[in-house]
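Visitor: Start from the sequences, fold in the hints, and give me the full structure.
Those letters in the sequence shown? Residues 30 to 848, per my numbering, in order.
Simulated from the structure, these hints should not be mistaken for lab results. One or more hints might be untrue.
What follows is a set of in silico ranges between Cβ atoms, one per label pair, in the way DEER data are often shown [said to hold, decoys possible]:
| id | residue 1 | residue 2 | range |
| --- | --- | --- | --- |
| 1 | 576 | 669 | 49 to 57 Å |
| 2 | 515 | 479 | 25 to 33 Å |
| 3 | 165 | 429 | 15 to 23 Å |
Restricting the straight-line Cα-Cα distance to at most 16 Å, the calculated cross-link-like pairs of lysine to aspartate or glutamate (EDC-like) are [to be verified]:
| id | residue 1 | residue 2 |
| --- | --- | --- |
| 4 | 437 | 473 |
| 5 | 390 | 473 |
| 6 | 98 | 198 |
| 7 | 66 | 128 |
We put the CB at the ideal spot given by N, CA and C, even for glycine.
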Amino acid sequence: MQISMTFRNIHFTNGEGRDEDGFNGGGSMYLAKITAKFVNCHFSNNQATAGVGGWSPGGAINIYSSTVKIISCTFEDNFSQIRGGAINIDWYDENDEVDVEIINSTFTRNDVQINDGEQMSALGGAIYFGGSRNLRLKIQDSIFSDNRVRNNNSGQGCAGGVIGSMGQDPQDDWSNIEPVIIDRNIFMDNGCDCGPGTWAGGSVIDVGWNIDISNSLFAQNYTQSNDGISGFVIRHSPQVAGAEMTMVNNTIVRNQLRNQNGSVNTDGSPISAFGGSEVTIFNNIIWDNESNQVFSFSGDVGINEDYNNLEDLTGQQFGANTLSEEPRFADPDNDNYRLGATSPLIDKGTQSFMGHNAPIKDVRGYYRIETPDIGAYEAGASKYILTLVDDIEENKDTTFVKLSQELKVTITTGDIDGNVVTDSDEPVSWDIFPNQKYARVGTDAETTTSNGTASATIIVTSQTKGKGFRFRVNVYVGEGFEKSDIYVIEEIVTGAPPPVVDLTISPSTWTSQPDFTLNWGTPTWSAQRDLIGAVVEITDGINVIPDYMEFPPGDTLTNYSFTAPEAGQYDVRLWLTGELGNEERDSARTVTAYFDNIQPSEFNIHWPNEGSWVSDKPQFRWEISGDYPSGIKIYHLFLNEQHYAAFDPGQVNYDNPNDEVYIVAPTSIPDGYHSWHVEIWDLADNITWSNDTINFGVDITPPNISHPNPLGTIDEGVTTPAINVNITDGASGVKYANLHYRRSGSGGGFVAVDLLSGPVNIPGSDIKSEGIEYYIETEDNVGNRGFWPSDTTFHSVRVRSEDPITTAQRWSSGIPGGT
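Guide: This is the structure we're talking about:
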């Protein structure tokens, strides 16, 4: 009979499991062929240790051939010397049932580290599992941060910074093997620290088994290795061909491959598969991972890919619906990777692809409605489908209530299929709009959902002057909100207040501060009724933030302040409410709030590059950078830490094939060494500096020509003495230097001889009695040209001849122009 145990609210700490007496690993607990449940337990500072060559997996828990549920538990600072820094999952016999669920749990700073000199692989910084035909493993709604594997032993493995598993033969057809489920998890700041010669990869996941990865965030994880790594975030490597990896609606951003010295290594890809994998990937964001590829798939991998947003579309074939758009996350610098209101990825996913469906819920457990977005976070999603009903039996277009009537309203938390979510257990608050003057919430109102519902009694006034009062019931459930239709006390009284006068907002342009103030004038209402409040509606185009400002009795307010929840552009509508609750949304006046506290995207400067030499008006080139939501206002170029020039976006040039912005220096830059960088300012005056400052040289001086001993008088038909010329350039360097010579007075072309290879001679065959003339030309590497002689066109050389010179020899037809 199998033992069954439940552990609740227990702290397991400072335990140690050694490889002794046939039981190894499991710093706090070793579970073998039992059923166990852990609820709200805490595991910290446990370790699984071993002697040299020993085997001790599972820093906190070692699970073999068991059924285990881990719910709402934390695992911190646990350690193993081989695999599974927090949990190891394996089997005794391949036919054993292994069923593990890990739900709503947190894994922080768990670690696997192999001792130097030991020939073993480090796998699964938080969790390791051994595959078997009867394995069922689900990891859901959990958070993993700062988990690691470390190995410096060449030839050994260093992989799966969070989840690892060696490729194994399933001893069955892969279609009969249940996939490991990785759903609605957050993976941040996990990594693999891998020494030279180790086989590394999968800073988060490295497995060789059927696996479904969905609705999860992978951000700021790293693999450290001096080698190029395929799959430095997720790697799929089955031992036997046919294993499937499915990735749906994940957000994979800002992950890195690093060299041993910590610098970025772009020679890799965040996702890889090989060994005959079957891969299906859709609705994912894979962006800003500092790699030269998105995917690395070996030739034997079957690939189904589409409806993804990928940063780099070069060099690979992608599905027809693939996008490459800036995601416009809400606030990525503060780890908020929800899609902003203007993200081009909203509604750009697909409900199904190649027999797989998009998940119903996003990473937060919120329902996706209609066409899904790309990525883990669904814009405009809801945790519950809320319904609000009352106990009035009549079903009319207008619901009337009587003076002194009490009505019961009930809110229900439902799922997308219309079923009641009975375990919602959410806080509830009730209110009456526009106020509780003629209708109020009873004291019996329930403040928490129970079995999926909560109720309240609404008590209508007994005062006759309350007739005609229009109201609705507002109810807040957790982060959700629902409102009733309008109720009217006994009879309809028409007439809503007029619009406010001269609505303004301050500040009225883009700002990096989130606080705004509305101001307006009070209109004259011909009905001469009291104003009791103002309705404010703030929307970014997706989310609507409703508010109601109740006026003090006998007074009207003319200003309203609010704080924008995140960067974006918000339409703010405001309209007034009369004493009987009459209001008319069509009378709203609208202003716009512009809030941007996000710096422009990081960028690198390209040219002039480090140590280069350029002319005095060179091109300056830098990486194209974007800005959300306000947009780029100006580029500032600095030389030697001093402002040199400013350019607005309409004054720069765009080299889109090279992803570069460039300008030509507007004024001459002095000869010598300089440094340069660029600042980008957006419309809210957020500033991003270029990632680097580059040193370069300006060269406007031609090479120096030293020719102290020019040819004097030479003999006809005799090769000249060596012509020694020294050409130097202390800046950009000499590109070429040539001696040009010809027969004197010929007016013909010059013969060019290279001077950079050393002294030259003019051959005797070119030395005629007429004499010769020559000059020296040189050019440096930025195009500055120099000449010798500098004060005349060329240098003339006389030639001595031993032959008599006669008129007949020179001019057989007589002296030209003579008699």
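Visitor: Which earlier hints can't be squared with this structure?
Guide: Violated hints: 3, 5, 6; rest satisfied.
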